[in-house]
Structure formats: structure tokens, C-alpha cells
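**Q** Read off the chains here:
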Amino acid sequence: MEQQYKPKLLWLQSITCNGNTHSFLNHPELFSILSHFELVHHPVLESSFCMQELIDGILPCDILIIEGAFMEKGYLKSGVEVSSIIEHYADNAKHIISAGTCATFGGIFKQKDPEAISGFCFDEEEKTRRYAKYASKLISLPGCPIHPKWLSYVLLMIANDRKISLDALHRPVELYGYTVHTGCTRNEYFEWKIDAKNFGLKEGCLFYEQGCQGPYTRGSCNKILWNDMSSKTRIGTPCFGCTEPTFPQTELFHTKTNMGIPATMPLGIPRRAYLTLTGVVKSFKIKRFSERLMEYDR
Amino acid sequence: MKIAEKKALKRESIIQTALQLFSANGFHKTTIPDIAAKLHMSVGNLYNYFSSKDILAQEIIKYTSEVLGEEIKKINMLDVSAKEKIKMIVTVYFTMAEEKPEMIEYFLRVYLSNREVFSDGCDGMVCVSGFITEIMIFFDDAVSSGELRNQDFFSAFGLFMGYLGGMVFLKGEGVLPKEIAYYIDDISRNIYNALKV
Numbered sequence: 001m002e003q004q005y006k007p008k009l010l011w012l013q014s015i016t017c018n019g020n021t022h023s024f025l026n027h028p029e030l031f032s033i034l035s036h037f038e039l040v041h042h043p044v045l046e047s048s049f050c051m052q053e054l055i056d057g058i059l060p061c062d063i064l065i066i067e068g069a070f071m072e073k074g075y076l077k078s079g080v081e082v083s084s085i086i087e088h089y090a091d092n093a094k095h096i097i098s099a100g101t102c103a104t105f106g107g108i109f110k111q112k113d114p115e116a117i118s119g120f121c122f123d124e125e126e127k128t129r130r131y132a133k134y135a136s137k138l139i140s141l142p143g144c145p146i147h148p149k150w151l152s153y154v155l156l157m158i159a160n161d162r163k164i165s166l167d168a169l170h171r172p173v174e175l176y177g178y179t180v181h182t183g184c185t186r187n188e189y190f191e192w193k194i195d196a197k198n199f200g201l202k203e204g205c206l207f208y209e210q211g212c213q214g215p216y217t218r219g220s221c222n223k224i225l226w227n228d229m230s231s232k233t234r235i236g237t238p239c240f241g242c243t244e245p246t247f248p249q250t251e252l253f254h255t256k257t258n259m260g261i262p263a264t265m266p267l268g269i270p271r272r273a274y275l276t277l278t279g280v281v282k283s284f285k286i287k288r289f290s291e292r293l294m295e296y297d298r
Numbered sequence: 001m002k003i004a005e006k007k008a009l010k011r012e013s014i015i016q017t018a019l020q021l022f023s024a025n026g027f028h029k030t031t032i033p034d035i036a037a038k039l040h041m042s043v044g045n046l047y048n049y050f051s052s053k054d055i056l057a058q059e060i061i062k063y064t065s066e067v068l069g070e071e072i073k074k075i076n077m078l079d080v081s082a083k084e085k086i087k088m089i090v091t092v093y094f095t096m097a098e099e100k101p102e103m104i105e106y107f108l109r110v111y112l113s114n115r116e117v118f119s120d121g122c123d124g125m126v127c128v129s130g131f132i133t134e135i136m137i138f139f140d141d142a143v144s145s146g147e148l149r150n151q152d153f154f155s156a157f158g159l160f161m162g163y164l165g166g167m168v169f170l171k172g173e174g175v176l177p178k179e180i181a182y183y184i185d186d187i188s189r190n191i192y193n194a195l196k197v
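Residue numbers (my numbering), protein chains in the order written: chain A, 1 to 298; chain B, 1 to 197.
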């Protein structure tokens with residue numbers, strides 16, 4: 001029987017900390033997912049071709065995964081401009097996946113030199129010169145790091161020739177149509193405006209004082225859990241907004257307020273409506289929410 | 001006119017009349033029959049609109065809060081400095097104290113003085129949110145634009161509204177030597193100086 005054609009998968013790195021590679025290695029079904037593809041080259045996994053062949057530009061490539069931020073000029077590997085190698089393979093690929101916030105928007109590495117460093121097709125929210133050329137095959141998967149299951153979702157959709165709906169920044173709507181706030185176990189505390197006051201507590205919301213970006217960050221961290229069981233907000237750390245073009249923000253553990261009013265409203269909520277609602281809500285004292293969920297001392 | 005519109009008008013006339021009587025005579029000395037008599041309606045019919053004197057009192061504070069809030073909303077929408085807005089808010093408040101003294105009197109002498117009437121149903125900011133929301137928006141804008149100092153909301157709110165309320169209270173007691181409008185410029189400047197960066 002003729003063997004079914006496997007899409008050729010090429011994983012390339014630009015300026016990166018390897019975080020997305022390592023995150024993907026934590027996928028519990030990693031090898032089952034990869035069995036749908038021919039791994040042409042990967043920075044740490046065993047693959048068909050070596051670095052020299054990669055640089056020679058002779059590798060086949062159906063799906064290009066890009067990890068890391070970009071400099072137009074001056075970032076070399078083996079004496080070759082990384083951006084030119086990646087553009088060479090991007091020209092031939094059927095699908096381009098920018099894996100992680102650095103590859104998508106510039107991310108952490110953009111902070112080193114904001115003028116020169118960007119994502120592959122976006123510089124924060126602005127389109128780079130590459131955008132027009134590659135937009136038709138681009139899928140953005142921001143996250144610092146990327147959630148392994150977000151990547152596997154996209155890969156398997158491609159392997160099964162299924163259409164992926166994307167938003168204006170080319171993020172899959174199925175994964176980024178939600179905010180991180182969706183599915184947060186602290187939503188009742190958010191609704192009744194009760195702050196956690198401390199990290200690591202099960203009780204309270206991290207939005208009002210602790211800097212949680214969940215209500216304005218697109219991502220499904222609280223829907224598709226990390227390690228199948230948890231998320232930042234579930235363990236009591238504020239969301240850092242790592243999937244957004246604005247990442248990394250400063251003062252991560254502090255909510256900026258103007259006379260006690262959050263300086264940024266939750267996504268899509270008019271300020272007047274929000275203030276009316278929260279002003280009223282704060283008037284009530286709900287006993288259940290002022291108590292610990294569990295007694296730890298007994 | 002549709003029945004619903006007629007009922008809404010009647011409801012508002014009850015609120016207006018009760019507002020005047022409560023403000024002038026106090027909450028406890030004003031009875032539902034007093035209010036009904038002034039409106040030339042039966043006590044029974046008035047109860048069709050408001051099931052108790054307490055609920056009527058709560059609806060009045062919501063009503064006055066909305067009226068004042070609407071005025072401040074208009075100011076909030078203007079593209080002028082916080083300094084100018086402060087003067088406009090002071091003017092609106094004092095003009096209302098002059099032209100419709102019952103509105104402000106009601107807040108000072110009924111709402112703040114008969115807390116038991118408002119404890120169940122008007123907890124915290126529930127019945128005055130129309131007004132408070134607009135003051136919050138004013139502060140938020142003024143801090144964002146860098147004109148006012150970022151600080152705790154209630155410290156700023158207490159300074160602003162406590163001052164205005166205090167002046168209207170003095171006016172109500174008949175101890176202010178001049179008309180209240182005379183003080184607008186000085187008071188606006190004082191508030192601005194206290195809150196600015």
C-alpha cells in the first residue's frame with residue numbers, strides 16, 4: 001500500500017530563548033502529533049536534515065514554524081542572515097506558523113532594540129514589510145511561551161486539511177476568541193469586585209490590585225489548561241498578557257488606576273457602564289466571598 | 001397619550017411632590033396622606049405607584065442622583081480642562097441649590113440623616129450611582145490627562161463633594177452672608193488647588 005504523503009515540517013529559530021520549543025516538548029502526545037508529519041529540521045529534535053543543508057536552502061517545506069524575533073540585518077547563524085534563510089523557506093511553504101509572541105509581534109526580544117527588532121509579519125500590531133507577501137499563509141500563535149496544545153491544534157487542523165478561522169492579527173479564533181478571563185476560577189470575585197490582596201491565594205480576584213491582564217488578553221489559558229490542570233490565575237499569579245502585541249508590559253504586579261478606577265477597562269466594556277455596575281456591586285458584602293475556601297490550620 | 005406614558009408622568013409628579021415635602025418637613029413628619037393630598041389623589045392610588053414610604057424615599061434619591069448625574073455627564077463630554085470642569089460642576093451644584101433647593105436638601109437632610117430608611121435597598125452607592133459614576137469619570141479623565149494628582153478616590157471625592165455639600169448646608173441654615181453664587185470662583189479654585197498635580 002502506498003504510504004500517505006506526510007506534510008514536511010520545518011521548525012526554524014530566529015532570536016529566541018527556546019521557550020516555545022521546550023513548551024512543545026511538554027506536549028503529552030508529542031510523538032503522536034509529529035507522526036502526522038515529516039520533520040525536516042528541528043533545532044533540538046531528531047530530524048531528516050542538518051543545519052548545513054538547511055543553510056544551503058535545499059530543504060523541502062510545507063509547514064514552516066518560526067520561533068523568535070527578527071532583525072532585518074545583523075543576526076547571523078553560520079555566517080548567514082537568519083531572516084534571509086527564513087524568508088527563503090517562507091516563500092516555498094504552504095503554511096507559516098509564527099510560534100510565540102517574539103515571532104508574532106516582537107515580544108521580549110524587541111525590548112533590546114525596539115527599532116530594529118520585530119515579529120516576522122507584525123511589529124507589535126503594525127504590519128512589517130513581509131506581511132503582504134506572506135499574509136495569505138500566515139497563522140499567528142502568540143504566547144510566552146506558546147501553549148503546546150494551541151500549536152498541536154493548528155498542526156492537526158492543517159494535517160487534516162481543515163480551514164482555520166483567523167482574526168485580524170491571524171490568530172485562530174478558536175484559541176484567541178476568548179480572553180484569559182474566560183474560565184478563570186476567580187470570576188465570582190471579579191464580579192463582586194473582591195481583590196486577592198496577595199499572590200498564591202485561591203480566594204479573590206487578581207485584577208483590581210495585582211495587575212492581572214486576563215480581562216484584556218486574548219487566549220484560552222483558562223480553557224485549555226497548562227499541563228492539563230492549571231493556569232497562572234488558578235495558582236494565584238496574575239496573567240501577564242503574554243499573547244498580546246503589547247507584551248511585555250511593565251509593572252506586572254500592579255494595576256494602574258486613576259483615583260482607584262482601573263486605567264484600562266476590561267475588553268469591550270464601556271467605562272460608564274463598568275463604573276455604574278462596579279460602584280453598585282461594591283456596595284454589597286457577600287459573606288461567602290470574605291471567607292477562606294478551605295480551613296488550612298486544622 | 002398612552003397609558004404607560006401617563007403613568008410615567010404621574011409617577012414623576014409623585015416623586016417631585018414628595019421630594020419637596022420630605023425636604024421641607026423631614027422624612028418622618030411627612031406622611032403618605034400628606035403627599036396624596038397635595039397631588040389631589042387618593043392614598044390608595046398613590047400606593048399603586050409606590051408600595052411604601054421607604055420605597056418612595058429610595059426612588060427619590062435615585063431620581064435626584066440621575067438628574068445631577070446627567071448634568072455632570074454633559075460637562076464630562078466637553079473637551080475642556082479639568083480646571084474648567086471643576087468650575088462647571090460647582091456652578092451646576094450651586095445653581096441647583098438655588099433653583100431647586102429641594103434636590104440638594106433632600107440629599108443632605110433626608111438621605112444622609114435617615115440612614116435606616118435607605119439601609120435595605122440603597123446599600124452603599126446603589127441609589128446614588130448615577131451621580132457617583134459621573135464623578136468617577138471626571139476624576140479618571142482628569143488624572144489620565146495629567147491635570148489632577150492620582151490618589152485614593154474617596155480622599156478626592158470627600159474633599160470635592162464635602163465642600164459643596166457643606167456650603168449648601170450653610171446656605172440652608174441661612175448663615176451664608178452672601179448669595180451662594182458669589183462663592184463659585186473661590187471654591188472652584190480651592191478645589192482645583194487641592195487636587196491638582
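The reader is advised that the hints may include incorrect statements.
[Unchecked claim] Capping the alpha-carbon separation at 25 Å, the derived lysine to any residue pairs in SDA-like fashion look like this:
1. B:Lys196 x A:Lys133
2. B:Lys87 x A:Val80
3. A:Lys133 x A:Val80
[To be verified] Only part of the chain B face toward chain A is listed, based on derived beta-carbon distances under 8 Å:
4. Phe118
5. Ser119
6. Asp120
7. Ile132
8. Asn150
9. Ala156
[Unchecked claim] Here are the simulated distance ranges between beta carbons:
10. B:Gly162 x A:Ala116: 51 to 61 Å
11. A:Lys256 x B:Lys196: 36 to 46 Å
12. B:His28 x A:Gly268: 26 to 36 Å
13. A:Leu293 x B:His28: 40 to 50 Å
14. A:Pro28 x B:Phe157: 32 to 42 Å
The hints are simulated quantities; they were obtained by calculation from the structure and are not laboratory data. Fair warning: this is a prediction, and the values are worked out from it, not measured in the lab. Here a beta-carbon is modelled for each residue, glycine too, at the ideal position from N, C-alpha and C.
**Q** For every hint, state whether the structure bears it out.
**A** Verification of the supplied hints:
| no. | hint | verdict |
| --- | --- | --- |
| 1 | B:Lys196 x A:Lys133 | violated (51 Å) |
| 2 | B:Lys87 x A:Val80 | violated (65 Å) |
| 3 | A:Lys133 x A:Val80 | holds (22 Å) |
| 4 | Phe118 | violated (11 Å) |
| 5 | Ser119 | violated (11 Å) |
| 6 | Asp120 | violated (12 Å) |
| 7 | Ile132 | holds (5 Å) |
| 8 | Asn150 | holds (6 Å) |
| 9 | Ala156 | holds (6 Å) |
| 10 | B:Gly162 x A:Ala116: 51 to 61 Å | holds (54 Å) |
| 11 | A:Lys256 x B:Lys196: 36 to 46 Å | violated (20 Å) |
| 12 | B:His28 x A:Gly268: 26 to 36 Å | violated (47 Å) |
| 13 | A:Leu293 x B:His28: 40 to 50 Å | holds (45 Å) |
| 14 | A:Pro28 x B:Phe157: 32 to 42 Å | violated (53 Å) |
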